[in-house]
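**Student:** Just so we're aligned: 728 in the numbering used here is position 67 of the sequence shown, and the numbers increase by one with no gaps anywhere.
No lab work stands behind these hints: they were computed from the structure.
Glycine included, every Cβ here is placed at the ideal spot set by N, Cα and C.
Among these hints, one or two may not hold up.
[Unchecked claim] Ranges between beta-carbon positions, derived for each pair: (1) D680 - A829: 53 to 63 Å; (2) W664 - G844: 24 to 34 Å; (3) I714 - S879: 47 to 57 Å; (4) S754 - D855: 48 to 58 Å; (5) I714 - S817: 23 to 33 Å; (6) Q735 - P704: 20 to 30 Å; (7) L679 - A829: 27 to 37 Å.
[As the list claims (entries may be wrong)] Computed cross-link-like contacts, DMTMM-like style, restricted to lysine to aspartate or glutamate with a CA-CA straight-line distance of at most 20 Å: (8) K887 - E920; (9) K860 - D805; (10) K748 - D708; (11) K825 - D846; (12) K910 - E875; (13) K927 - D901.
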Amino acid sequence: RTWLANQPRRYTQDQQKLDSLIASSGSGSTRSSTISTKQIVAPFIFDPNTASIEQLRSLGFPRILATRIAAYRQKGGVFTARTDLLKIYGVDSTLYHQLYPYINLPAHSRFASKDVKPPKAGRKGLSEESGVKRKEPFDINTADTILLKSVYGIGSKLAIRIVKFRDALGGFVKPEQLNEVYGLDSSVVKRLLDVSFIKSGFVPVRININVAGEEQLSAHPYIRYKIARALISYRYQHGDFADASDIRKLSILGEQEVERLLPYVKVND
Numbered sequence: 662r663t664w665l666a667n668q669p670r671r672y673t674q675d676q677q678k679l680d681s682l683i684a685s686s687g688s689g690s691t692r693s694s695t696i697s698t699k700q701i702v703a704p705f706i707f708d709p710n711t712a713s714i715e716q717l718r719s720l721g722f723p724r725i726l727a728t729r730i731a732a733y734r735q736k737g738g739v740f741t742a743r744t745d746l747l748k749i750y751g752v753d754s755t756l757y758h759q760l761y762p763y764i765n766l767p768a769h770s771r772f773a774s775k776d777v778k779p780p781k782a783g784r785k786g787l788s789e790e791s792g793v794k795r796k797e798p799f800d801i802n803t804a805d806t807i808l809l810k811s812v813y814g815i816g817s818k819l820a821i822r823i824v825k826f827r828d829a830l831g832g833f834v835k836p837e838q839l840n841e842v843y844g845l846d847s848s849v850v851k852r853l854l855d856v857s858f859i860k861s862g863f864v865p866v867r868i869n870i871n872v873a874g875e876e877q878l879s880a881h882p883y884i885r886y887k888i889a890r891a892l893i894s895y896r897y898q899h900g901d902f903a904d905a906s907d908i909r910k911l912s913i914l915g916e917q918e919v920e921r922l923l924p925y926v927k928v929n930d
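My request is simple: use the sequences and hints to build the entire structure.
**Tutor:** See below:
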């Protein structure tokens with residue numbers, strides 16, 4: 662029974678019936694064929710992180726799905742467990758169950774979603790205990806939520822929170838700023854720093870303190886409402902700031918606050 666269960670399934674008769682039904686209905690043939698999977702003639706062990714489009718097609722993936730997998734990888738996506746294949750939109754669960762024994766990845770991953778479970782039955786051809794491949798370092802200022810969630814300890818909410826804080830800030834200029842994201846503990850920050858970097862020469866988005874209004878200024882994480890009012894009051898009393906470092910003249914700002922704010926302000930465009 663085990664040997665028979667692991668043989669490629671053939672759906673020739675079923676496919677003929679399906680084709681006959683589609684032909685008789687006279688509609689939907691083009692649409693259904695774009696996501697249908699072909700019969701696997703000779704499955705082989707493959708890694709979805711490296712398999713070419715043609716190899717994926719020979720395994721039963723239609724061209725649209727093979728291209729989608731390749732595009733996911735080009736954007737920095739990495740498959741860390743077999744169940745990650747189900748995250749690709751349109752992957753048929755039947756094909757996934759057929760290919761499961763041949764996917765050259767761990768069955769489980771600490772990065773994998775808890776909601777996706779591998780099939781219970783199947784061949785044990787691959788090691789269940791093999792380690793997870795280390796990710797290539799990524800730029801923390803351009804990383805999307807998918808990349809951030811690949812770090813153990815960062816779920817959807819934390820990933821969104823990191824991106825929102827980064828965008829409100831204008832970009833991270835120092836690694837230590839990750840400690841300011843609410844909900845990120847030191848161990849998660851350390852893991853994130855191990856696989857990310859800040860690009861050399863990175864210039865964050867800066868606010869022109871000579872033209873910005875109170876609302877725009879106070880929206881920045883480093884500018885409280887009182888600081889925003891003080892900046893505007895200075896402009897009315899003394900004219901435009903001649904240099905960004907002139908914010909030191911505001912008595913409301915301590916030296917530490919000045920140093921962390923300076924990279925995010927400018928006096929002209």
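**Student:** Quick one, are K748 and D708 close enough, alpha carbons at most 20 Å?
**Tutor:** holds, 15 Å
**Student:** Just to be sure I understand the hint, the distance between the Cβ atoms of S754 and D855 should be within 48 to 58 Å; is that true here?
**Tutor:** Given range 48 to 58 Å: violated, Cβ gap about 34 Å.
**Student:** Hey, K825 versus D846, does the alpha-carbon distance stay inside 20 Å?
**Tutor:** This hinted pair holds, its Cα atoms lying about 17 Å apart.
**Student:** State, for the Cβ atoms of L679 and A829, whether the hinted interval 27 to 37 Å holds or is violated.
**Tutor:** 52 Å Cβ-Cβ, so the 27 to 37 Å window is violated.
**Student:** Could you grab the alpha-carbon distance between K860 and D805 and see if it respects the 20 Å cut-off?
**Tutor:** holds, 16 Å
**Student:** Just to be careful, I want the Cα atoms of K887 and E920 compared with a cutoff of 20 Å; is the pair within it?
**Tutor:** holds, 18 Å
**Student:** Given the hint of 23 to 33 Å, check if I714 and S817 actually sit that far apart at their C-beta atoms.
**Tutor:** holds, 29 Å
**Student:** With the threshold set at 20 Å, check whether the alpha-carbon distance from K910 to E875 stays at or below it.
**Tutor:** holds, 18 Å
**Student:** Is it true that W664 and G844 lie within 24 to 34 Å of each other by Cβ?
**Tutor:** Violated, at about 51 Å.
**Student:** Are the Cα positions of K927 and D901 separated by 20 Å at most?
**Tutor:** holds, 11 Å
**Student:** For the range 53 to 63 Å, tell me whether the beta carbons of D680 and A829 fit it or not.
**Tutor:** holds, 55 Å
**Student:** Hint says 20 to 30 Å; check whether the CB-CB distance for Q735 and P704 agrees.
**Tutor:** holds, 25 Å
Hints 2, 4, 7, counting from the list given before, are not met by this structure.
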